[in-house]
Amino acid sequence: MISDDSLDPQALAAEYVLGTLDPEERARAQMLLDTDTAFAGRVQYWERRLGELQAMVDAVEPPSHVWERLSARLDAQAPSSAIRLPGLAERGGFEPVDDSDVVVDLTRRLRRWRESTMFTGALAAGLAALVIASVLAPDILPERLRPKPRVVEVVKTEVVKSEPSRFVAVLQQDAASPAFILTVDIEGRSLTVRRVAADVPSEKSYELWLVSDRYPAPRSLGVVGDTEFTVDGKLGAYDPATITEATYAVTLEPVGGSPTGIATGPVLWTGKLVQALPGARPSAPRAP
Amino acid sequence: MLTSAELVWLLAAVAKGDRAAFERLYAATRAKLYGVVLRILRRSDLADEVIQETYLKIWTSAAQFNPALATPITWMVAIARNRAIDLIRKKTEVSIEEESDAMDVAAETSDPLAGRELTEELKRLLACMGKLDGERQRLVLLAYYSGWTREQLAVNFDKPVNTIKTWLRRSLVEIRECLGS
Chain D
1 MISDDSLDPQ
11 ALAAEYVLGT
21 LDPEERARAQ
31 MLLDTDTAFA
41 GRVQYWERRL
51 GELQAMVDAV
61 EPPSHVWERL
71 SARLDAQAPS
81 SAIRLPGLAE
91 RGGFEPVDDS
101 DVVVDLTRRL
111 RRWRESTMFT
121 GALAAGLAAL
131 VIASVLAPDI
141 LPERLRPKPR
151 VVEVVKTEVV
161 KSEPSRFVAV
171 LQQDAASPAF
181 ILTVDIEGRS
191 LTVRRVAADV
201 PSEKSYELWL
211 VSDRYPAPRS
221 LGVVGDTEFT
231 VDGKLGAYDP
241 ATITEATYAV
251 TLEPVGGSPT
261 GIATGPVLWT
271 GKLVQALPGA
281 RPSAPRAP
Chain Z
1 MLTSAELVWL
11 LAAVAKGDRA
21 AFERLYAATR
31 AKLYGVVLRI
41 LRRSDLADEV
51 IQETYLKIWT
61 SAAQFNPALA
71 TPITWMVAIA
81 RNRAIDLIRK
91 KTEVSIEEES
101 DAMDVAAETS
111 DPLAGRELTE
121 ELKRLLACMG
131 KLDGERQRLV
141 LLAYYSGWTR
151 EQLAVNFDKP
161 VNTIKTWLRR
171 SLVEIRECLG
181 S
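These protein sequence lines map, in sequence, to chains D and Z. Once you know that position 169 of the first sequence is 169 in this note's numbering, the rest is easy, because the numbers rise by one and skip nothing. Once you know that position 122 of the second sequence is 122 in this note's numbering, the rest is easy, because the numbers rise by one and skip nothing.
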């Protein structure tokens, strides 16, 4: 279905990069990507901007066989210098098709064909894994396994198992001068303060406060240490909604923190949490 | 990971067909790319395949990398994510149930920013995303990190698909306006 707004190339490019287009729109975007330089530019913009989010994803080592297979596939190819010459590559297109996917200048159709071959292979592997799993370890297969399963639910459930929510606050006076980065793991109620630009005060201490309309006065979360990272578990007393909605502030206090438990010094930096990694289960929509 | 400048240099060498540079590039970036696609695919066998395809594409397309338009890592992540999303969409189309038979997502460290390069661009993006309301932040991030469709997001947020679509587009427009060009 092509609705009116799907014709807007800005939105199409942005959602293409985000990954939320339906298959027809996605195919259309991929076609435009090859033919429309303005559209390609919009896609590059979003890939560049949203691509920064990769910094939040934990690195996971791939198995060593990935490199071995990759390396074998490269070995099986013609020398790459030849591949880069369009003339040679075009001639290459008439040769019997082998496993190599790497001839740059193949016709678009051939490339698509090969990609679909790859998908078929992956699908077959997936089916095989499923069958083997059902034979060897039926326990690990979910009871919800059924002839026409809803993939949606499967994905949702798996995500629930393994992902903590992470929130980040940039404590700053203005956008140009972030002083501390606060990271909060809601489930673990743990807090990490990273010193970005703030100096270590002499004969004073920085103290971190939670400011919430649920409490009459700011609540101390402790003194920020002199090292780059300060890790603290003082969030244990607060519920997730309080933690996510609060404002965090750093004040300048006597060494060791405010003696009275009430903030006395000037507020130097403040910030609010932004959800940096989605959690397992979106919390219920907040009451208005 | 190597610095962005070192990766640019490696990509330039890879563009000339330097296998040793390619191996170094792989060593420096494989875990990040694998982490990204594993989140979307949630199955190590599919992630293995996508990573191979991704690096083959990087090998053949390194000459197209333009440091004025992307950083090496955002460029490579975009290739990897596109492959992963294409693959998972095809899987959904044929309604095949797949379960994580062997995959166990590694326990994540408590501080995602510890030891990480926090670029100015990321800070700006986070600041702009922070202006969206909480539910919309989560929506955009779930779409980006997990590769969910609008339908999956609709189920998860308990909203009609059209609402999700409107939210996504409005959120992206707001982010763009906030970030500027």
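Heads up, a few of these hints could be off.
List of simulated lysine-lysine pairs, DSS-like, C-alpha gap at most 27 Å [said to hold, decoys possible]:
id, chain 1, residue 1, chain 2, residue 2
1, Z, 131, Z, 57
2, D, 272, Z, 91
3, Z, 131, Z, 90
4, Z, 91, D, 234
5, D, 272, Z, 131
6, D, 204, D, 272
7, Z, 16, Z, 91
8, Z, 159, Z, 90
9, Z, 32, Z, 123
None of these hints come from the bench; they were simulated from the model.
Practice prompt. Decide if the proposed pair is consistent with the structure: residue 204(D) and residue 272(D), CA atoms, cutoff 27 Å inclusive.
Written response: Satisfied, since the Cα-Cα distance of roughly 24 Å is no more than 27 Å.
Could you grab the alpha-carbon distance between residue 159(Z) and residue 90(Z) and see if it respects the 27 Å cut-off? Holds - the C-alpha atoms of residue 90(Z) and residue 159(Z) are around 24 Å apart, at most 27 Å.
Could you grab the alpha-carbon distance between residue 131(Z) and residue 90(Z) and see if it respects the 27 Å cut-off?
34 Å, violated
Decide if the proposed pair is consistent with the structure: residue 91(Z) and residue 234(D), CA atoms, cutoff 27 Å inclusive.
44 Å, violated
*Regarding the pair residue 32(Z) and residue 123(Z), is the alpha-carbon distance no greater than 27 Å?*
This hinted pair holds, its Cα atoms lying about 19 Å apart.
Below or equal to 27 Å on CA atoms is what counts here, so check residue 16(Z) against residue 91(Z). This hinted pair is violated, its Cα atoms lying about 36 Å apart.
Inset, instruction - Take the C-alpha atoms of residue 272(D) and residue 131(Z), compute the straight-line distance between them, and say whether it is at most 27 Å. - result: 10 Å, holds
Next on the checklist: For residue 131(Z) and residue 57(Z), compute the direct alpha-carbon distance and say whether it is at most 27 Å.
Outcome noted: Violated. Residue 131(Z) to residue 57(Z) sits at ~36 Å, over the 27 Å cutoff.
- Query: Straight-line Cα separation of residue 272(D) and residue 91(Z) no greater than 27 Å?
  - Reply: Given pair residue 272(D), residue 91(Z) is violated - Cα atoms ~39 Å apart, limit 27 Å.
The structure does not agree with the numbered hints 1, 2, 3, 4 and 7 stated previously, though it agrees with the rest.
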